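Q: Take a look at the letters that make up each chain.
2 protein chains.
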Amino acid sequence: MPHWTALVAEKKQRQLKSIPQEWLVTLPPDSTLDVTGFPETCGLLNAREIEITNTSVDILLEKLACGEWTAVDVTTAFSKRAIVAHQLVNCLTEIFVDRALARAAELDDHLKKTGKVVGPLHGLPISLKDQLCIKGLETTMGYVSWIGQYAEKNAVLVDILLECGAVPLVRTNIPQTLMWGETFNNVFGRTTNPHNRSLTSSGSSGGEGALIALKGSPLGVGSDIGGSIRGPSAFCGIYGLRPSYGRVPYCGARNSLEGQDSILSVFGPMTDSVGGIKVFMKAVVEAKPWLKDPLAVRKKWNEDEYNLTDHGSGKDLCFAIMWDDGVVVPHPPIRRSLKMTKAALQKAGHKVVDWKPIKHRLLGEVTRDIWNAASAEDFMITTSVTGEPIIATMELDDVVASSLPQKSGGITAYQLWQVQKLRQNIRKEYLDHWEATASETGTGRPVDAIICPAAPYAATPHGKNCYGYYTMVWNALDYPAAIFPVTTVDPILDGKELTHDFYDEIDKKVYEMYDPEKFKNAPVGLQLVGRTLEEEAVIRMTEIVDAALAAAK
Amino acid sequence: MPHWTALVAEKKQRQLKSIPQEWLVTLPPDSTLDVTGFPETCGLLNAREIEITNTSVDILLEKLACGEWTAVDVTTAFSKRAIVAHQLVNCLTEIFVDRALARAAELDDHLKKTGKVVGPLHGLPISLKDQLCIKGLETTMGYVSWIGQYAEKNAVLVDILLECGAVPLVRTNIPQTLMWGETFNNVFGRTTNPHNRSLTSSGSSGGEGALIALKGSPLGVGSDIGGSIRGPSAFCGIYGLRPSYGRVPYCGARNSLEGQDSILSVFGPMTDSVGGIKVFMKAVVEAKPWLKDPLAVRKKWNEDEYNLTDHGSGKDLCFAIMWDDGVVVPHPPIRRSLKMTKAALQKAGHKVVDWKPIKHRLLGEVTRDIWNAASAEDFMITTSVTGEPIIATMELDDVVASSLPQKSGGITAYQLWQVQKLRQNIRKEYLDHWEATASETGTGRPVDAIICPAAPYAATPHGKNCYGYYTMVWNALDYPAAIFPVTTVDPILDGKELTHDFYDEIDKKVYEMYDPEKFKNAPVGLQLVGRTLEEEAVIRMTEIVDAALAAAK
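Protein sequence lines, in the order shown, are assigned to chains A and B. Counting from 1, one number per residue, gives the positions in the first sequence under this note's numbering. Counting from 1, one number per residue, gives the positions in the second sequence under this note's numbering.
For the record, the hints were derived by calculation from the structure and aren't laboratory data. A couple of the hints might just be wrong.
Where chains are identical, the list cannot tell them apart; a pair therefore holds if satisfied intra-copy or between any two copies.
What the hints assert, rightly or not - 30 Å max Cα-Cα, derived DSBU-like pairs, lysine-lysine:
(1) Lys356 <-> Lys288
(2) Lys428 <-> Lys359
(3) Lys288 <-> Lys300
(4) Lys288 <-> Lys351
(5) Lys300 <-> Lys282
Remember, predicted model here, so these are calculated numbers, not experimental data.
Hey, can you work out the whole structure from these sequences and the hints?
A: Okay, structure coming up:
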């Protein structure tokens, strides 16, 4: 077998060839940090293509359904912009423009011949995280060892998206193992943040986050076991939803930590409007994924729940803001965004109370212990095939040098059961804690949703995204959580504050990391968190918050 | 600490004292095998009490709601009959007649004062498997080590049943560890089968099965991780439902193998009519258990699904009969009951095809491997507190002699993940296999439900219930399954057949076990199996099968 670096070189060569050569553009210098404007000025896209790629999902679908824009036109426009995005921030893995255009042409034919759309996503280009197998394509997931493994069939979600009329557009970059909050691997390298390329796009769905922020795709599918949809959505300034376990089918996709049945990774949408999230979730759930994926929950899309029948029909909602999780104090721009959201919601006539977090540190530790019960063995066995190094840190300088596996040596099944038992007990405590807020809201109901940071910071410099509990706790509790953008870091408004009494070392480290100039222009997104399997209500409430923020501007 | 036998003696003494002494009756000799008629002839119950205890759940609820029968009358009648049942087959653990009667009196007061019932189960006595904690009572679960542990709060399901107006009546016997198909432990001893006391009532909800068969309770709650509701229901000639994971709340109950997140134990109803199953499931689901139990699925009771909207409105159903699982060939009475059911369904105008089982042996093995990943350690740690022996077999003669723990030594978390991964792959294969039957049914749909044995035999002699895959596979697949009674073993109709080509040793052992005279009068129940989270449809289809069998008689 060739050395792993030779395998990478060959794969990268093939990736380069998969890019239409006439779409290679003259790039801005590396010192240009904010590249969000570049796709529209680089000259590759014409005015109509710029218009198409600047259009939100619901309008795109309308224009596609009535034939005003063809699927080929739309796919071409997004393909071009995706390729430009890739040249700017290195966000793609598999590129298959011909296949996407052929699919789009079929859809156009169908519409012409029958006058009908294939399904609710007719003609919509969709980008996919590099886990979602497409027949005939490789899914390396950033592992050198998986180069050359071509899928024999589609992941269930890919089949459903095809049934719905979508056009799989490109696949997007991830970190090795998927278990990092940044996007870097030995095969495809690092994805950067288009708002400031010295910052991370987060991870593990960081390729999606960066691509959608550059409007190289109107909608993408990410996955989330600890924040991997929400981190990139928040850091890249877009919308994203982490659904509950089993609401979106996972079957047939590749993954790490396979067989870990306790804290499940889930797929969910990432897009530039909350409307896009609804379109995706409704289409997927109405396709009855439980007939194709044994873990998909038999729960139909419920328009009553979307209309907030369980939340007083949405008339006088009570949101709870969690300012701080009791472990790490958020940076100034995060706190400013929480204040902005509170003011906007109050202006819109809603109640806002404070959320008192309980046991977030323990929940975070338990989550990590469950993952690490056998993660080191999982990573070692996968990488040992080619001897590629296991990445031990996302820092720039010491990545490839380190070939040490993670230190955790794994535990026994009995030890794992004890951690899982502890987690179930905390889930019960948290549920009771939430229910008990009914006495404080004045609505007769418990708090309708929690609003909280997605991280204690906006997008960090590469290698510095070190604290994940703001998202991980909701995975452990299986609460659906949506990300909505609020603002961007402004060094004038978000000056560094005086030191505080640190909760502990990690709090201190995060405090010291903040430098308003370094974080400049980084988007700030927040989370809206609901109850398990309440995706419909979470989407509706996110629309309400989003509208309140827009109205308050 | 006293020797464990002293702890047992003290507990048994307290149990005896908890029985109203005037309800102790003169028992038939041990040689009387069928004791089902005894409660009505023993003289303790008057004619009205006999009438009450012979009434099915839906009629009981009507008479309770209109005040024709008071809750105290109904509770008294069932309490008496439960105590008689206990003297016959040793089916109870905790006995709390005073508490039940006090609760019943409160309900009567409420109805008198308000004219309204407390909830949909107003006044209904309900027996509970010895896992369902009730504040102030012990829950030993048959472990000597748990004697003296008094619950500080109710299990969530107990709270919900109380809200619904039920009257917790008694708690019922189980095997040590819950992981056996018979009912025997070091504290309370063995529960026998009321239809033939030389036979087992099955397990682990064998106390419930025996009690309900003797009409000592109109409805009971069992639990099922591998057949523990369905075995006792089938062996004792009653109805039972194993719901999907999370449809009925489990939180706050005691259990073995805690923290095992993969193949979950579930609670479900056991009763003497399929109507009783519907009443229970509807009441529990409508109480929104997901607001009290973080693992309870947010899925409302769906009357459309009950009316079989996903099954052509029930007009031309297609059932598939699994005659044999490819591992162990069922005994003659089981095959006769399948033939009776097929004929009855065809007579009622439904289609019946054959079910081709796939990978049942592997599914059974995987299920066992997941349980045994840490079961030995779990049992050892629990029993080591008092040194009570771990029961190594349910045979009569060598139980207490054996103090060896199970031989399985436990595996690592990584090994467990690999078994769990294999199981998920088989779940997908099985789902696809079921969906593919759409080409054979002629209804345009896949098979609507599978009908199959609950075991390869009717109730066996004690110590002989050795093969569980007929139920275990549906736990591994998380398919809901209901038990309905069909017939009883008749030595003339069910003569021993000539030997067949054995699948393997266990098949041979089961074949050799059959002796029509030994199994005489044992009830035969079958399973109706549906799709995950399709409880409503499974209940309706069981009603249809039940009615077809009644009409064919």
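Q: A separate judgement is required for each hint: does it hold in the structure or not?
A: Now for the hints, and whether the structure bears them out:
no. : hint              : result
1   : Lys356 <-> Lys288 : between (37 Å within a copy, 25 Å between copies)
2   : Lys428 <-> Lys359 : within (12 Å within a copy, 36 Å between copies)
3   : Lys288 <-> Lys300 : both (7 Å within a copy, 17 Å between copies)
4   : Lys288 <-> Lys351 : between (36 Å within a copy, 25 Å between copies)
5   : Lys300 <-> Lys282 : both (9 Å within a copy, 18 Å between copies)
Violation of the numbered hints given earlier is absent; every hint is satisfied by the structure.
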